[in-house]
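Participant: Heads up: the protein sequence lines correspond to chains Y and C, in order. The first sequence begins at 11 in my numbering and counts up one residue at a time. The second sequence begins at 292 in my numbering and counts up one residue at a time.
Watch out, some of these pointers could steer you wrong.
Said to hold, decoys possible - No farther apart than 27 Å at their CA atoms in a straight line, the calculated lysine-lysine pairs in the DSS-like style are these:
(1) C:K393 <-> Y:K67
(2) Y:K21 <-> C:K347
(3) Y:K81 <-> Y:K67
(4) Y:K24 <-> Y:K81
(5) C:K317 <-> C:K393
(6) C:K361 <-> C:K393
(7) C:K317 <-> Y:K67
(8) C:K347 <-> C:K360
(9) C:K393 <-> C:K347
Stated by the list, open to error - Quick list of the computed label-pair ranges, beta carbon to beta carbon:
(10) Y:D110 <-> C:K317: 15 to 21 Å
(11) C:R341 <-> Y:E62: 27 to 33 Å
(12) Y:M106 <-> C:L352: 20 to 26 Å
(13) Y:R91 <-> C:S342: 39 to 45 Å
(14) Y:S72 <-> C:R351: 38 to 44 Å
(15) C:T355 <-> Y:T48: 26 to 32 Å
(16) C:S359 <-> Y:R25: 33 to 39 Å
(17) C:K360 <-> Y:N28: 27 to 33 Å
Claimed, not checked - Take a look, some chain C residues computed to stay more than 12 Å from chain Y by CB distance:
(18) Q324
(19) V335
(20) K360
(21) R371
I should point out that these hints are in silico values taken from the structure, not numbers from a laboratory. Beta carbons: idealized from backbone N, C-alpha and C, even for Gly.
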Amino acid sequence: DTGVSQDPRHKITKRGQNVTFRCDPISEHNRLYWYRQTLGQGPEFLTYFQNEAQLEKSRLLSDRFSAERPKGSFSTLEIQRTEQGDSAMYLCASRMGGLDEQFFGPGTRLTVL
Amino acid sequence: SQQGEEDPQALSIQEGENATMNCSYKTSINNLQWYRQNSGRGLVHLILIRSNEREKHSGRLRVTLDTSKKSSSLLITASRAADTASYFCATSYGNNRLAFGKGNQVVVIP
């Protein structure tokens, strides 16, 4: 257990539905990242927060995706109008400013039927 | 986009043997990190090597970095069944976002 938690661990939804995932980073970590991992591949960067500010977004983050980090603590990732191609593991990671190591949560596995 | 590219991508060894994995990348980096992922679970940070370092050790792990060849290797000595996992190299860029390779699947046979 790295100290980063994600909820839910698994989500099955039908195409077209909206889903929201939550990440609780290690409390003193002010940097937070979201990644997406598909089967047989390494994780791909989606977005980055420093405190409550979303400072970087990947081109992978289409208009259907939105991420927030209100108050600079937990973060949510919402996918609207899900598509089958959204099926993946969504990983959250956090780190402390000034240090390089990222601590990953267990991930949320999304299956879109 | 994916930067790291591990080689080989699947490795099966006997317990007690050493396992070596290689990783290549394309552009200048801040640092290179290796992570382990057990089946269907989150990633665990193993070791980090900075761009000005050439070799680093941590327990049974040894990582090397050759910035002229844009490559790194991870050596796990005296492997154990518990080392069975996927291993990813990741290069660090601005804001410390990580670019991962496709990963090496390592199976250690007891």
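Participant: Per the stated criterion, does the least C-beta distance between V335 of chain C and chain Y lie above 12 Å, as a non-interface residue requires?
Facilitator: violated, 7 Å
Participant: Could you grab the alpha-carbon distance between K347 of chain C and K360 of chain C and see if it respects the 27 Å cut-off?
Facilitator: holds, 17 Å
Participant: Is the distance from the Cβ of M106 of chain Y to the Cβ of L352 of chain C consistent with 20 to 26 Å?
Facilitator: holds, 23 Å
Participant: Between the beta carbons of K360 of chain C and N28 of chain Y, is the distance compatible with 27 to 33 Å?
Facilitator: violated, 46 Å
Participant: Do the Cβ positions of R341 of chain C and E62 of chain Y conform to the proposed distance bound of 27 to 33 Å?
Facilitator: Taking Cβ atoms as reference, R341 of chain C and E62 of chain Y lie about 30 Å apart, which means the hint holds.
Participant: Looking only at beta-carbon atoms, does the pair R91 of chain Y, S342 of chain C fall within the given range of 39 to 45 Å?
Facilitator: holds, 42 Å
Participant: Does the hinted range 33 to 39 Å hold for S359 of chain C and R25 of chain Y at CB?
Facilitator: violated, 48 Å
Participant: Between K24 of chain Y and K81 of chain Y, does the CA-CA distance stay at or below 27 Å?
Facilitator: Violated: K24 of chain Y and K81 of chain Y sit about 31 Å apart, past 27 Å.
Participant: Please work out if K361 of chain C and K393 of chain C have their alpha carbons no farther apart than 27 Å.
Facilitator: Holds: K361 of chain C and K393 of chain C sit about 16 Å apart, inside 27 Å.
Participant: Is it true that the CA of K317 of chain C sits at most 27 Å from the CA of K67 of chain Y?
Facilitator: Roughly 21 Å between the alpha carbons, so the hint for K317 of chain C and K67 of chain Y holds.
Participant: Between K393 of chain C and K67 of chain Y, does the CA-CA distance stay at or below 27 Å?
Facilitator: holds, 21 Å
Participant: Is the hinted pair K81 of chain Y and K67 of chain Y satisfied, with a Cα-Cα distance of at most 27 Å?
Facilitator: With Cα atoms ~19 Å apart, K81 of chain Y and K67 of chain Y stay inside 27 Å; holds.
Of the numbered hints listed earlier, those contradicted by the structure are 2, 4, 16, 17, 18 and 19.
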